[in-house]
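Here are the chains, one letter per residue:
Number of protein chains: 2
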Amino acid sequence: MKINVMDKLLSANDAWAEENRLLLRKHGITMLNIIGSPGAGKTTLLEQTIALLGKTIKMAVIEGDIATTKDAARIEKMGVAAYQINTGNACHLDAHLVNTALKELINDVNPELIFVENIGNLVCPAEFDIGEDGKIAVLSVTEGDDKVEKYPLLFSEAEILVITKLKLIEHTNFNLAIALAAFKQLNKKGEVITVDSCSGEGFASWIDFVQDCVLVHKIAECFK
Amino acid sequence: MKINVMDKLLSANDAWAEENRLLLRKHGITMLNIIGSPGAGKTTLLEQTIALLGKTIKMAVIEGDIATTKDAARIEKMGVAAYQINTGNACHLDAHLVNTALKELINDVNPELIFVENIGNLVCPAEFDIGEDGKIAVLSVTEGDDKVEKYPLLFSEAEILVITKLKLIEHTNFNLAIALAAFKQLNKKGEVITVDSCSGEGFASWIDFVQDCVLVHKIAECFK
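In order, the protein sequence lines correspond to chains A and B. Numbering-wise (my numbering), the first sequence opens with residue 1 and increments by one. Numbering-wise (my numbering), the second sequence opens with residue 1 and increments by one.
Only chain A is shown next, with the shape it has when bound in the complex (with noise of 0.2 Å):
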């Protein structure tokens, strides 16, 4: 009974998923998933990205939280549209609510790149397809190590590990020896980063990436 009640929602989100690709493809919009633990450092991410690739892409962010609109007012201070999404209790987005955002920012901003930021959480958010060209897995070094086996599922699925906090290391038993060992074994194909947002160390090479996709996008599909 369990299993066919999740078997159905999830189902039902696939759908939605389908539809929010055929929509992202209709207007050329690259759309990131960001997932990672609360405190990760995602936002931090978007605000260092929005202020070295701001002027070049058109970007709008997709901001999910339990409770608040904090994280939506930091992105929309950046100069960069946010549509902020109140789950309530629901430990992840869905593609229907991620439907929902997306058409208004078509409409409202029609950018070329869009962030989701997920719900900080390690587990539900990396069950859960939304449509998205890719998932950002975002670990950062304060959580330990340790975190890339115990939370296989998202570390399996992204397309690109981005390690934060890295001026912090010295300060922790953090090993990104274990950590990048760990990542390596359950996803063949998968990048990492490692990047200091104070510094700005590393940050070269993630906006790099994020420029390769949306280039990429425009002649086929990002990841796939």
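Calculated from the structure, these hints are not laboratory results.
It does not matter which identical chain is used: a pair holds within one copy or between any two.
Think about it this way: if two alpha-carbon atoms lie no more than 25 Å apart in a straight line, the pair counts; the simulated BS3-like pairs of lysine-lysine are:
no.	residue 1	residue 2
1	Lys58	Lys103
2	Lys58	Lys77
3	Lys184	Lys70
4	Lys70	Lys188
Quantities reported herein were computed from a predicted structural model and do not represent experimental measurements.
Keeping the supplied structure of chain A fixed, place chain B upon it in accordance with the hints.
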């Protein structure tokens, strides 16, 4: 339809939670449910608690994880019995899973105190009563001071908020006053303790809290 399914799941869960409460009362056991993000420092808090209190109070730990038995291994290395639950893709422990673990631990160890380390997640674990005496919210300073407001259910229900990784605060923009004000807004009676597991700072207060809880429990119920 979705709401009815959720209601049924929660009502079945509540029956098992009540079963757990009866079992705990019968055996004079205090059970504390530890909830926080991945990497908030829950297992490290338990390791330090065992080091400081393991000879005074007979403890056991129920470890909830999506995958791996890493956390149970860390607890057993400290000389305390641990029962590992791997949920696969479920983002929380439910009362039925905990019931199986409880029965085995009572049979094997007969502890006075059981810590449940829930799945690393600020959303789902707070939604499921497992029959615990109290919820312990764990938040690390590296996650940011906005998390209390962004994940209100856990912080409104917790008996105590343990703020961890205090020595890292100088490397972050975490404002303790903001986090405390948000917590007090949501939770009139909850205590707050700040700790650092490397230096041992704040652990005297945490150990007092745990000891008081077990002592009080011998006379009446701990929190209710």
